[in-house]
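Chemist: This is what each chain is made of:
Protein chains: 2
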Amino acid sequence: MTQPTRRSFIAKTSLLALGATTTLAAEPSKPMLTHHVFFWLKNQASKEDQAKLIEGVKTLEKIETIRHLHIGVPASTEKRPVVDNSYAVSELIFFDDVAGQNTYQDHPIHKKFVADYSHLWEKVIVYDSLDIS
Amino acid sequence: MTQPTRRSFIAKTSLLALGATTTLAAEPSKPMLTHHVFFWLKNQASKEDQAKLIEGVKTLEKIETIRHLHIGVPASTEKRPVVDNSYAVSELIFFDDVAGQNTYQDHPIHKKFVADYSHLWEKVIVYDSLDIS
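Line by line, the protein sequences give chains G and S. Sequential numbering from 1 applies to the first sequence in this note's numbering. Sequential numbering from 1001 applies to the second sequence in this note's numbering.
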């Protein structure tokens, strides 16, 4: 029984290796565009409105050109004059390229997000960066 | 000869599997803190000063608490009132946590970067976000 068992183990391990290799090979090319959005709420102190907006940002992740979506809130790093932690919610999205960001802007899910949640925010700042590193 | 050859192949494949698994397991936990810095230059139109600052930002990647470092320049996305593309260089760093960012701030490499390159910039804005996605 020893030999077949070992073979079975080896076969499974080999499949694992094949799977791992395939996954690595299938990964998309490195995204080159970061789209970082900072939202300030009308009711800046409202944890309820902050939670609602976070719920809204989460709906965006179904947009197919998004490679990674990070939702953030201000971190408790040291208070320094250059640090702006006055926003309520941040949304950091990686796209492959400018075209991916354009598709996102015009996407029905994004338009619905703006229609359903823009009453919550007072100010938005967007920084689009091309990755050169 | 068939059997040993196959065994040898399987042994290599198994090692590959082991290697892949080990790599995956050894990956750090998902970084939770994004530190996004935007720089405006004193000579905002100077491509030379922009290149110098990029060279400076690149020196930071040796700081051991940095999980990912993206260096960016303004992307050619659509001009909209909410988009600020007036900065010259952006630096997006992922840390595991606030402690990782604190280590970075106090690190000799970071202090040297500020000493050597801060004469180039006029304004800096920093956004530190805790990832909740």
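Keep in mind that the hints were calculated from the coordinates and are not lab data. Hints may be right or wrong, so weigh each one.
[Stated by the list, open to error] Below, in silico cross-link-like pairs of lysine-lysine (DSS-like), each with a Cα-Cα straight-line distance of 27 angstroms or less:
(1) G:Lys79 to G:Lys111
(2) G:Lys30 to G:Lys79
(3) S:Lys1030 to G:Lys79
(4) G:Lys79 to S:Lys1111
(5) G:Lys111 to G:Lys123
(6) G:Lys111 to S:Lys1111
(7) S:Lys1030 to G:Lys58
(8) S:Lys1079 to G:Lys42
(9) G:Lys47 to G:Lys111
(10) G:Lys79 to G:Lys112
(11) S:Lys1079 to G:Lys79
(12) G:Lys47 to G:Lys30
(13) S:Lys1030 to G:Lys30
[Stated by the list, open to error] A few chain G residues facing chain S, derived, Cβ under 10 angstroms:
(14) Lys52
(15) Val57
(16) Val83
(17) Tyr117
[Stated by the list, open to error] Heads up, incomplete: computed chain S residues facing chain G, CB under 8 angstroms, no partners named:
(18) Glu1055
(19) Thr1059
(20) Ile1063
(21) Leu1069
(22) Thr1077
(23) Val1082
(24) Leu1092
(25) Val1098
(26) Ala1099
(27) Val1114
(28) Ala1115
(29) Ser1129
(30) Asp1131
(31) Ile1132
(32) Ser1133
Virtual Cβ for every residue (Gly too), placed ideally from N, Cα, C.
Chemist: Look at each hint and say if it fits the structure.
Modeler: How the hints compare with the structure:
For the hint pairing Lys79 (chain G) with Lys111 (chain G), the CA-to-CA distance comes to about 35 angstroms; that exceeds 27 angstroms, so the pair is violated. A hinted pair counts as satisfied when its Cα atoms are at most 27 angstroms apart, and Lys30 (chain G) with Lys79 (chain G) does not qualify at roughly 33 angstroms. With a CA separation close to 25 angstroms, the supplied pair Lys1030 (chain S) and Lys79 (chain G) stays within the 27 angstroms bound. Restraint check for Lys79 (chain G) and Lys1111 (chain S): satisfied, since their Cα atoms lie roughly 18 angstroms apart, inside the 27 angstroms limit.
At roughly 17 angstroms between alpha-carbon atoms, Lys111 (chain G) and Lys123 (chain G) fall within 27 angstroms of each other, so this suggested pair holds. The suggested pairing of Lys111 (chain G) with Lys1111 (chain S) is violated, with an alpha-carbon distance near 44 angstroms, which exceeds 27 angstroms. For the proposed pair Lys1030 (chain S) and Lys58 (chain G), the alpha carbon gap of about 18 angstroms is at most 27 angstroms, so the pair holds. Annotation: proposed proximity of Lys1079 (chain S) to Lys42 (chain G) holds, straight-line Cα distance about 24 angstroms (limit 27 angstroms).
Distance restraint check for Lys47 (chain G) and Lys111 (chain G): the Cα-Cα separation of roughly 24 angstroms lies within the 27 angstroms cut-off, and the hinted pair is therefore satisfied. Restraint check: the Cα-Cα separation between Lys79 (chain G) and Lys112 (chain G) comes to about 36 angstroms, which exceeds 27 angstroms; the hinted pair is violated. Under the criterion of a C-alpha separation no larger than 27 angstroms, the hint pairing Lys1079 (chain S) with Lys79 (chain G) is inconsistent with the structure, at around 32 angstroms. Note on Lys47 (chain G) and Lys30 (chain G): the hinted pairing is violated, with a Cα-Cα distance of about 35 angstroms set against a maximum of 27 angstroms.
As the CA atoms of Lys1030 (chain S) and Lys30 (chain G) are separated by approximately 18 angstroms, the hinted pair is consistent with the 27 angstroms bound. Given hint, Lys52 (chain G) at the interface with chain S, is violated; its Cβ is 14 angstroms from that chain's nearest Cβ, farther than 10 angstroms. The beta carbon of Val57 (chain G) is positioned within 10 angstroms of a beta carbon in chain S (closest approach about 8 angstroms), and the interface hint is therefore held. At about 5 angstroms, the closest approach between the beta carbon of Val83 (chain G) and any beta carbon in chain S falls short of 10 angstroms, and the interface hint on this residue holds.
Given the 10 angstroms rule on beta carbons, the hint for Tyr117 (chain G) is violated: about 14 angstroms separates it from the nearest Cβ of chain S. For the restraint placing Glu1055 (chain S) at the interface with chain G, the shortest Cβ-Cβ distance is roughly 12 angstroms, beyond the 8 angstroms limit, so the hint is violated. With 8 angstroms as the threshold, the beta carbon of Thr1059 (chain S) stays out of range of chain G, its nearest partner Cβ sitting at about 12 angstroms, so the hint is violated. Given hint, Ile1063 (chain S) at the interface with chain G, is violated; its Cβ is 14 angstroms from that chain's nearest Cβ, farther than 8 angstroms.
Evaluation of the Leu1069 (chain S) hint against chain G yields a held restraint, the C-beta minimum of about 6 angstroms falling below 8 angstroms. The beta carbon of Thr1077 (chain S) comes within 4 angstroms of a beta carbon in chain G, closer than 8 angstroms, and the hint placing it at the interface holds. Against a cut-off of 8 angstroms between C-beta atoms, the interface hint on Val1082 (chain S) holds, since the closest Cβ of chain G lies about 5 angstroms away. Interface hint at Leu1092 (chain S): satisfied, since its Cβ lies 6 angstroms from the closest Cβ of chain G, which is below the 8 angstroms cut-off.
Evaluation of the Val1098 (chain S) hint against chain G yields a held restraint, the C-beta minimum of about 6 angstroms falling below 8 angstroms. Annotation: interface hint on Ala1099 (chain S) violated; nearest CB of chain G at approximately 10 angstroms, more than 8 angstroms. Against a cut-off of 8 angstroms between C-beta atoms, the interface hint on Val1114 (chain S) is violated, since the closest Cβ of chain G lies about 11 angstroms away. With a cut of 8 angstroms, the hint placing Ala1115 (chain S) at the interface with chain G is violated, because the nearest CB-to-CB distance is about 16 angstroms.
Nearest Cβ of chain G to the Cβ of Ser1129 (chain S): about 3 angstroms, under the 8 angstroms cut. The hint holds. Hint on Asp1131 (chain S) holds. Least Cβ distance to chain G is approximately 5 angstroms, under the 8 angstroms limit. Annotation: interface hint on Ile1132 (chain S) holds; nearest CB of chain G at approximately 6 angstroms, less than 8 angstroms. Interface restraint check for Ser1133 (chain S): the shortest CB-CB distance to chain G comes to about 4 angstroms, inside 8 angstroms, so the restraint holds.
Checked against the numbered hints given earlier, this structure breaks hints 1, 2, 6, 10, 11, 12, 14, 17, 18, 19, 20, 26, 27, 28; the rest are met.
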